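Chain B: place on chain A using the hints.
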Amino acid sequence: MKKIAGFIFLLLLFASCNSDDSDMISIDNPEISLNIPSGFPELNSFVSLNKPTKYGVELGEKLFSEKRFSADNTISCSSCHIQANAFTDQHAQAIGIEGRIGLRNTPSIQNLAFMKFYNWDGSKLQLETQPLVPIITHEEMNSSILEVIGKIKDDAVYKDLFRKAFGDENVTPERIYKSIAQFEYTLISANSKYDKVKRNTASFTESELQGYQTFQQKCASCHSSELFTDQSFRNIGFPLNTDTNEAGRGRVTGIAADFMSFRVPTLRNIEYTAPYGSFGQFTTLKSVLDYFDSGVLDAENLDPIFKENGKRIPLTEQEKINLIAFMKTLSDTDFVKN
Amino acid sequence: MQNFKKYLLLSIASLAFVSCSSDDDNPVANNVTLEFNNTFKNTTIVLGAATSTSATTNTSVAGQVHHFSELKYVISNIRLVKDNGDEVPYNVNDLDKGATVIDQSKTATLSYVLSNVPSATYKQIKFGLGIKPEQNTLDQARFPNFYAAAGANDTAMMWEWGSGYRFTKVEGFYDTDNKTMSIHTGSTVQGTAGSYTQGVNAYRDITLNLTTNAVVGSKAPKIKIKADFDKMLSGKTNTITLSTGTGDADNATPNIHTAAQMVKFVDNFGGNGSSDITGMFSVTGVEN
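Going down the list, the sequences are from chains A and B. Going by this note's numbering, the first residue of the first sequence is number 1, and it counts up by one from there. Going by this note's numbering, the first residue of the second sequence is number 1, and it counts up by one from there.
There are no misleading hints in this set.
Examples of chain A residues toward chain B, derived with CB under 10 Å: (1) Glu140; (2) Ile145; (3) Thr253.
Simulated from the structure, these hints should not be mistaken for lab results. Predicted model only: the values in this text are computed from it and were never measured. Backbone N, C-alpha and C define an ideal beta-carbon position, used for all residues, glycine too.
One chain only, chain A, in its complex shape (with noise of 0.2 Å):
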């Protein structure tokens, strides 16, 4: 009887010396501190279970541009969300593998930390829970998450970077997704020309200020805080989308006042982000505010502010000119190139 307590007693040592092996390799992985600009709003809390760090960071950036997400290796996450047009990609609706065109503009990627909902119809509340959507769209990558997997998982740059980011070489669903979150936690634009005036470093040209006035008064209801957007969901009138798919947030809901409304998008690096609206309804700034200048669509849940004062924004040439000159205030020259 001694004898096999002393065996199992060697087996049981024998197995805790291996599990103290792997424990030996430590990895440095700091945490990365987010710069939270000044006058932002606190940070979504589904941001604290996810940390970036510097390998989970890398990690993601790399799995952004990755193809093999897409059935046929043609599309990546920044097929579509284009850095240099703050995340976006030029097109009305956005193109997935084979030419197959989607529902909706892409949005933009930028400042998300700070958000409550993602998406035209906020459909996501947690950053960790969007990118599955895109690898399993058929207009978009139309794959699965098993088979980009599987085609990534015995890369030895990506054994390395999940080996430094989690501590072992698995290639999990969990943690692909969080290091695409964690890299677009990272992704913050407040350095532009509106944010260098606020902190006295530069100041508005005259057009500039007279369009951060008339922006003040008829525009700052909806876009409003540091991150441009209330975050709320409105519909304000615009061309409709007849794609029998599209119900806005009323498809999310089920809440008849959400039905083709949308989330006011931010204007930050508004510039870069052409075409406007749920389906670049608008190619120009231009046509955006001669639209609301001449008058929008009336609907049973057409956002009072339009509803009570003639379904629209009275705006001069004059104005349009200078808004246009201040939301050019807003582009992120380091933001788009870095």
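Leaving out everything else, chain B in the frame of chain A:
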């Protein structure tokens, strides 16, 4: 070491004993087959294209004639209730082993065999139409088989944008001019159980009394379940008139995805969860 051998021998002997005990005439478990019959009232549905002459047609309370070209739904979270009230769950936490897509175009899918059901007398069956929110995440790594079955090109029971499964998918035609109808249901809830922050939960829990008790033991009973799609438009909760268009009240195309319109169909298919816990389903017989 001599002792060690003795223990080994004893273990082998006891294993042999365990395996012997399942050889008798009263097995500890057996199969139960769920046989689904998809109907309009009492007529089994025959699918067909727009101008099909063989497709089964139905007329709603509102007077709209209609027929289907495609009919699929997901069953999960199956529980059998013993005559003493005890509930016996069937792989309720494993979609690979406990969930299935019923597809009217594939006869094999209409019979779902529950294996290794504990021997007992059962009086009731409970199951879910759709997938519970906590399992409705398209988790391919956890449930690869169900993911593959639901995602197959000829099945298409996924809602990519919602990262969830479609719970029902009915394609067909209505009115005398055979306008297209496309009724899809699925959940859009976000958050965790008890504190959903947005969206609708389209999962419905169904409870059906068996017509006679199902006795699992030496025999493997068959439970016949009818899904009466007449209830889709003429349900216990809602009387629905189909209309085509792009307004928020139009409901015949997937802009049914306006969740408000969708929920009316969900309640007719699977009950409203309170006053109606059977929806379109009923047990028509038990073969022991």
